[in-house]
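Those protein sequences? They're chains S and L, same order as listed. Oh and the first sequence: position 442 is 442 in my numbering, straight run, nothing missing. Oh and the second sequence: position 354 is 354 in my numbering, straight run, nothing missing.
Each hint can be trusted.
So the derived list for chain L, only partly shown, Cβ under 7 angstroms to chain S, looks like this:
| hint | residue |
| --- | --- |
| 1 | LEU64 |
| 2 | GLN72 |
| 3 | PRO100 |
| 4 | GLU173 |
| 5 | ARG178 |
| 6 | SER180 |
Hints in this document: simulated from the structure, not taken from any laboratory. Since we're looking at a predicted model, the values are computed, not measured. Backbone N, C-alpha and C define an ideal beta-carbon position, used for all residues, glycine too.
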Amino acid sequence: MTLGRVACVLLFAAGLPAQTQPAVSTPATQGYRIAGVVVNSLTGQPLPAVAVAIAPTTPHGSSREVSQTMVSGNDGRFAFAGLARGKYSLMAEARGFTLQSFESHDAYSSAIAVGPNLDSEDLVFRLQPDASIEGQVIDENNDPVQNATVRLFEKRITEGQRRTSPINQGQTDDQGHYRMGHLASGTYYLAVSARPWYAQNDRSASRRPSNPDIQAHAAQEAAALDVTYPLTFYPDSEDSAGANPIALHPGEQATADVVMHTVPALHLRIHTGGGNSGPLFAIGKTAFPRVSQRIFEGYLDPVSNSPVSGNEPGVVQILGLAPGHYVVEMPASNAAGEKASNRGWYREIDLFGDADLNVGDAPSFVAVSGSVIFQGEATGPKNLAIQLSNPATGERFNTPLSDKGQFDFSNDTVRPGRYNVLLSSPQGFFFSKLSATGAKLVGRTLDIPGGSSVRLVGVVTRGLGQVDGVALHDGQPFSGAMIVLVPQDPASNLPLFRRDQSDSDGSFTLSNVVPGQYTVVAIANPWDLEWGNPIVLQPYLKGGEAAQVTGEAKLQVKVEVH
Amino acid sequence: MSSSSRPRFSREVCTILFCTWCLALAGLSPAQVNSSPYSQNTGSFALSGSVVNSVTGEPIARALVRVYGVVQRSAFTDIEGHFQIDSLPAGSINIDLQKPGYSNQQGSRANRVIIGAGTGAVVLKLSPLGAIYGRVLDVAGQPVENEPIRLIGRSVREGRRRWNLVGSAESDEDGRFRFSSLAPGSYYLAAGPGMQSEMHLARDPKSKTGFPSLYYPNAPDLSGASPIQVVAGQQSEADFSMTAVPIYKVSGAVTNFEPGRGVILQAFSQSGDPISIAIGMHMDGTFEINAVPAGTYMLKASSHVGDQTLRAEIRLSVAANLDNVSLVLAPVPSIPIKVRMESRDASNLNSPRGSQQRPPVSVRLIPAAILGTEPSSSMVQQGAGQQVQAFHDVEPGRYAADVMPLSPWYVQSAQYGPTNLLSDDVTIAPGQSYPIEIVLRDDGATLTGNLQSSEKSATFGSVLVVPQPASKRGAKVAQFSSQSGFRMNGLAPGDYLVYAFDHADTLEYTNADALQSYASQATPVTLSANQETHVVLNLIRTGEGE
Chain S
1 MTLGRVACVL LFAAGLPAQT QPAVSTPATQ GYRIAGVVVN SLTGQPLPAV
51 AVAIAPTTPH GSSREVSQTM VSGNDGRFAF AGLARGKYSL MAEARGFTLQ
101 SFESHDAYSS AIAVGPNLDS EDLVFRLQPD ASIEGQVIDE NNDPVQNATV
151 RLFEKRITEG QRRTSPINQG QTDDQGHYRM GHLASGTYYL AVSARPWYAQ
201 NDRSASRRPS NPDIQAHAAQ EAAALDVTYP LTFYPDSEDS AGANPIALHP
251 GEQATADVVM HTVPALHLRI HTGGGNSGPL FAIGKTAFPR VSQRIFEGYL
301 DPVSNSPVSG NEPGVVQILG LAPGHYVVEM PASNAAGEKA SNRGWYREID
351 LFGDADLNVG DAPSFVAVSG SVIFQGEATG PKNLAIQLSN PATGERFNTP
401 LSDKGQFDFS NDTVRPGRYN VLLSSPQGFF FSKLSATGAK LVGRTLDIPG
451 GSSVRLVGVV TRGLGQVDGV ALHDGQPFSG AMIVLVPQDP ASNLPLFRRD
501 QSDSDGSFTL SNVVPGQYTV VAIANPWDLE WGNPIVLQPY LKGGEAAQVT
551 GEAKLQVKVE VH
Chain L
1 MSSSSRPRFS REVCTILFCT WCLALAGLSP AQVNSSPYSQ NTGSFALSGS
51 VVNSVTGEPI ARALVRVYGV VQRSAFTDIE GHFQIDSLPA GSINIDLQKP
101 GYSNQQGSRA NRVIIGAGTG AVVLKLSPLG AIYGRVLDVA GQPVENEPIR
151 LIGRSVREGR RRWNLVGSAE SDEDGRFRFS SLAPGSYYLA AGPGMQSEMH
201 LARDPKSKTG FPSLYYPNAP DLSGASPIQV VAGQQSEADF SMTAVPIYKV
251 SGAVTNFEPG RGVILQAFSQ SGDPISIAIG MHMDGTFEIN AVPAGTYMLK
301 ASSHVGDQTL RAEIRLSVAA NLDNVSLVLA PVPSIPIKVR MESRDASNLN
351 SPRGSQQRPP VSVRLIPAAI LGTEPSSSMV QQGAGQQVQA FHDVEPGRYA
401 ADVMPLSPWY VQSAQYGPTN LLSDDVTIAP GQSYPIEIVL RDDGATLTGN
451 LQSSEKSATF GSVLVVPQPA SKRGAKVAQF SSQSGFRMNG LAPGDYLVYA
501 FDHADTLEYT NADALQSYAS QATPVTLSAN QETHVVLNLI RTGEGE
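Bound conformation, chain L alone:
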C-alpha cells in the first residue's frame, strides 16, 4: 500500500510515462517521430493559446507560460493573453502558469497537452487570488497606528482541515492594513492587543490606554468571531472599531525550574493564538508585563530538565494590576506507546521491516483545536522503527491520532485509556497518563482496482478507501493512473467505500460530511483477511484544478 501525503507523481515519472505512451502511439500517427526521443532537437510544432482568468474569462496579460517535457521553453502572454511557443518536438508536455495575484498552477494535471500535427490552440486558466483590507479606527473615528493584525486561515492537508496563522501586519499611520494573494476561503481576522503607540506623551500619565485583543468584527474570542469570505479575484473589506481600555501591569514568577536552564514565557489570546506583548523576564523567574490592555489572556511557560519538558499555563482576566501571578512548572508526563504484533507466521515478528523492539508503526498526534494548542503548527510524532517508543512533550489539549503502520501491517486497534484512537479524538489532560496501546496484524487484505473503461482520457488521480461506518480512522489514499489502476496492501478486513477522485488535494476527506455529496459515486466493497479484491471505479470530477 502506498500512502503518500501529497498524491502526485514526480514530474520525471510523468514525463517518462507519457513519452512511453506516445511512442507507443507513434505508429498510428502520421507525424514523424523517431525512435529516440532526443534526436529531434528543435522540432517543428508550435503551441499557441491564451491564458484567461478562470472566474471572469478575461485574458491575462504578462503571464509566464512554461512548458516542460523533452525540452523546456517559456513565453509571456501578450496584452491579449495570447502566447506562442515554437520549435517544439512532438510529444507530451506539461504547462506551468504563473502570475502574481493568481494561484500557482504548477504540475497541475489539467495542463497536459500532446504536441503534434493536430494540436489546436489551448485555453489555459489561472484562478485569481483575493485580498482582505481594512482600517483600524478608534471609537472617535481616528485611525489607530501600529496595531498588530493577524490573519488566520485554513488549509486542508492530508484530508484534515487546520487553522493556522497565515499572515500578520501592522496598521499604518492611516490605520490601514492589507493582506493579498489569498486563496479563496474563510478567514478570521484578529487585531491587538496594542498601545496607542503614536502617543508617547499620554494625556494623563496615570491612565494610559491601549486596545485589547479583538476578533473581527467585534468579539473577544474566536468563538464569537465571524469568518470573512475571500472570493477569487475579489477584495473583501474588514474594518475594526477599537474601544480603548485601561492598561495594567501584570507581574509574577515562574517557579520550579532548574536554575541556569532557560524559561520561555509566552502570551496568548484567550482563544489560544499567540500575541506579541513585551514580557520582561529575569534570571530568577520573576517577570513583569508592563502594558497589558484589560482583557483575558493565557500565559504559558516551559522549560527543560534533562530531556524532560516542564510546562505551566494560566488563564488571566486582567481588570486591574496583578501581582504574584504564579506559574508552577510541572513535568509533562510521557505517554508510552505499546505495540503488540500478531502474526500467524512467527518469523514476521522479527524482520528488517519491524520487530517488537522496533515496531513498524509511527504515530502522530495532530492538534484538533481550532488553532492548535501549539503556537506553531506542529504534530508530535514517533517514527516507525525507533527504539524509544513514547511521546515526551505533549501539551495538554485535544488531538486527533494518526496511526500509520508500514505495509503489510495494519492497525487492528489503538487505544488511549478508554478512548478508541481510530474513531475519536483524544484529550490529553495534565497529570493524567495512559499508554497508547496498538495491536498490529499482518493478515490484511489487498485491494486493486481501475477506472471504468468508459474513461477515455489518460489521467491520474487519487483513490480514497474509507472505512465504514464513517469514523475518524484514517482513510487510505493512493495514486492511480488510468493505465495501471492502483493497488493497496495491508488493509484491515471490513467494509469500505472506495472513491476515485481526479483531484483530492483540497478535499477534507477525514470529515465524513465533506464526502457525503460524493457517496453516490463511490463503490462499496468488503475486504477479508489475506484476500485480494478487485473493484472498478467511476472517476469523480471534483471540479477543482480546472
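Same shape as in the complex, but just chain S:
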C-alpha cells in the first residue's frame, strides 16, 4: 500500500490454503479486529504508552481520517475491534519515536487487510527509535563558530538511484552547538557553511587615503580580514569526496564536530553589460546572481555565505568566495515590459584568484518550449504542468501547460544536461507521442546539448491504467515486498516506473500507469536496491510478470517474490 493512496480490495482466495491460517475468531456480526504488539525495533522490547491509530483506506486514492486511536498497554499490546472488511493503514507514535506506519519504507508501507480468512491479530509493529546528530563547529583556533548553517545530507535511494540529497539543516548557537533530531537510521553527511565573525569582505567600505603608501598598507590591512570559510564537510574536508559518512543506527545519538579553516576570500566581479542602462537592482528588475557548487554526485549546492554588492553601475560583485569550482547563473531579469529575449546566462568557472566575468561571452540558458495537442479534445484541463527534472543536479523545473497545449520554460535556468520529461500531477493524462528538435529524446529522457533552443512536440491523451495484484512466495501471500513496474527501455523511461509495497495479504496496486508494455517485479528486502539502475534490475526481470497495460483498465497479476 502506498501511504495516502489506496488499493481496491482484491482478495486472491485461490492461492491460500485455508488450513494453514490461524483461527480468526471474530464473528462477522461484531466486525473484525486489528491487534498486536508494538516493540522497539532496536531492542525488541514491547513499548508501553504508544499512541496507535488506524485509518481506513478508501478505493479512491486517499485515506480517510484516523478513525480509532488507542494507547498501548504496559505489555505493548494494542487492539482495535468492530472493524468492517477492508484495508487500514496502521500508525504509531511515541516520545522518541516519530510517527511511523506499519513496515514503512520511504513513502510506502503495508496496510492491514481485514476480513474473513485474513490474519490481522498477531501483528508485530516494529517502531524505529529516533536518532540524532549533534555537535560543535569550531574554527582553527578552537573558538566556536556562531550562526553557521549545518546541512544534513543523506545517501539513499532517490528515484531508483543512490544519491546524496539534502534533507535538513540547522544553525549553530553562540557556543557553536547544533542539534538535529527525529532522524531515521541511515548514512548521513554534514556540510557546514559559515563566515568568520571578523570577516570584512567589502574592501571598498574602508576609507581611501590619498597617499599611495598608506593605500598599500590599507590594502594589506583589508586583506587580512577579507577571509572566508570554504564549505566544509564533516569532519574537516573542503571536498565532498573527503566527507566522512555518519552511519546512524536506530536510536543512536551521534556526535559530529566540524573544524572550519580560514582562507583568503576571493572577489568575483560580474560585468552585466553596458547595454542595460540603469541600476541593476531597479524596481522591476530582479537580477540577482546565483552561485552554486557541485558536491557529491553532482548536486548543485547554492552558496549562502557570500554577500553580493552592487555599488558600481554595471557590475555585480560576489564577495567572500573561497577558491573552487562554481556555477554562476544570472536568471532572466523580469523587468516589466521586457521581452524574454534576455534569457539570462550561466558560466562554470574555476576560481583561484579574483576574477572578472563578462556577460557577453557567457552562454545563455537553453530555451525549452513546446506544444501538444490533446487527443480527441479541443482543449485540455487548465492545471496541467510539465516537468523537466535533472536527477544528477537535483534541479526540477515546472511550467504550466496551457489548455491550448502551449508551454515555455522561459523563466527557468535550464542548462545543457540530461533531463526526465513528465507531466507533473497528471490527472489521468500522459504523453502518447513526444518528439524533440534541438535535443535528443529517447523515451522520456532528453539530452540537451549546449547553445540551443529546444522544441518539444507531442500528443497528450487521457486514460491512465492501473495494475492490481498479489505478491506470493511459495504460493503464500507475501507482505512488505517492493513491487516495481518496469517499463521497456528502463534506462530512458524513469518517469514511467511505478512502485508499491505489498500489504498484509500480499495485495498491491500500481496506479496512474501510462499504457504500454511492462514487467512487474516483486522483491523482498529491496530497500537498499538501486531499482532504477537497469543493471541492478536485470536479474529480477526474468522472474517478473509481463503486463500489457491499457488505458482506464485494471490489470490483475500475481507475481513471485524474489
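The hints should help you fit chain L onto chain S, whose structure is shown.
Then chain L, alone, in the frame of chain S:
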C-alpha cells in the same frame, strides 16, 4: 540648539579635531611631527597592550583590535590577551574592540590613545554579555518541544526606557532553549501558546491539549511575571513548567470593511505582546482559529478605506469553543495638530524655517505601555514643515508626547484636551478626539557653558538641561567638548538643572528618579527670555563605557 538623538560626533569629526589638537602640541613634543599629517606614511611607533574582561579582569584571547586614525590597522590578541600594532604614525587614534560574546566597543570614548614616544601599554576592557537558557517541561516532567519562547528586554533610547521583543526561539526536542549575547539588565520570558506538537495522534481525538501563554515563572500576564536579571558574563537559568489545558476553537467575523480591501487580524497575549497562532481568514471577513489553548487573549483587526485606518479589538477569555466573535471595524479618529506661533517680530512668522502653514515643529507619540500598543516598536510622527498636520492612525492607548520645535522656537504650551503634554502622558481613547494645540514662541533663552578648568583630559560628553520642577517635558540634550563647551538656543524661560555627563547613552533621563543620584553634581540655572546665560559645569562620571 542642537539636540541629536545619539549624542556623539562622527568619527571623522573626532579625527580632525584631534589631529588639529595634536598638531598644536607638536611644537611641545620632542617627537618628529611634520606639518602634513599624511607625509609620514608608516610611522615609527607601536601600540601594545592587552584586552581584558571588564568583570573578571581575565585576558581575552582572539579579540579583534582595530585602530582608526590617520591609518587603519588591525590585530588579534594572542592567547594571553596581548596585542601589538607596529608602524603607527604619531597622533591620536581610536581603538575598536570586538569579540563575540562581548558588547561591541565601537567608537567608545574610553578608547582613545595618543600615539607618540611616551605611549605606554594600554589595558582595554570588553564587557562580557550574558545569556538566558532553560527548559520547558510539562507537569509530568517530560520535555515540551516546539514551544515558542519570547524574550522581552528593555533598552534606553533618547532617555526613555522601552520594553520590546528582543528575541524568539522554539524549544528543541529536549525542551531546551537559549538566548545569548544579551546585554546585562532585566528581561521577561514568555512561553506559548503552543500545541503538544510532536504528537500528531492525540491520545483522545476529542481532547487535544495545548499550553497557554505563560510569563516566567508562572504568570498569565506580565504584571505577575518576575524579571530575570542578566549579569555580565553569566548565564541565567529559567525553566518553565507548563500545565496542559484544553484546546478550543474560536470563530467569528470582522465586519465593516470595504470589500476587496485586506483585513489584518492578529492575536496577542493579554499583556499585549504578539503571539503566533494560526488564524484562517476568508475573503468575507469570517475567520476561525482552530487551536486556541484555554486562556485570555486579545484580537486586533485593522483595515483601510482610502487613507483612513479602521480598527477593532476585543479581549477574549477562552474557556470553551467560541462562535460569533465579532470585531466591528471603526475609523480611528484623526488628531489634528494646531500650532500657534507667537513672535514679537511678525516677519518671523513666515520664513523658510517655518510658517503658520508649515509649522517648524514635529510631534511624536511614543507608546508608554510596558510593551507598547503596537506590535512593533513604533512611534507615530508628524514632521516639521509638513503641510498636513494631523495624526491619522493612532491606536488607542497611553503615550508620551514628544514635541520638538526647530530652533529658535520653543514650546510654550502643548495640550491635548485637558492633558498637558509637557508634563503628563496622554491617553488616546477610542472614539474621542481632541486636537493637539501647541503654542510656539521665539523669544527663548540661550545657554552656553563649559567644564570646570580642573577637568584636564580632553573629553566629550553630553549636556542635559532638565526643566524644574521635574516633569515629563523633554530634557534637552547637546554635545559638548572640553575645548569648546556647548551652546543651546531656543530654550523656554524658566528654571533648570544642568548636568554634564561623560556618557548619557544608557541614562534614562526622562525619568526623574534616574537622575536623582546625580542631582548634587548638577548646576541650577534660571533662564530669561532673549537672554544669554553661561554656566560652568562639573563632569559627572557615570562609570559606563569604561
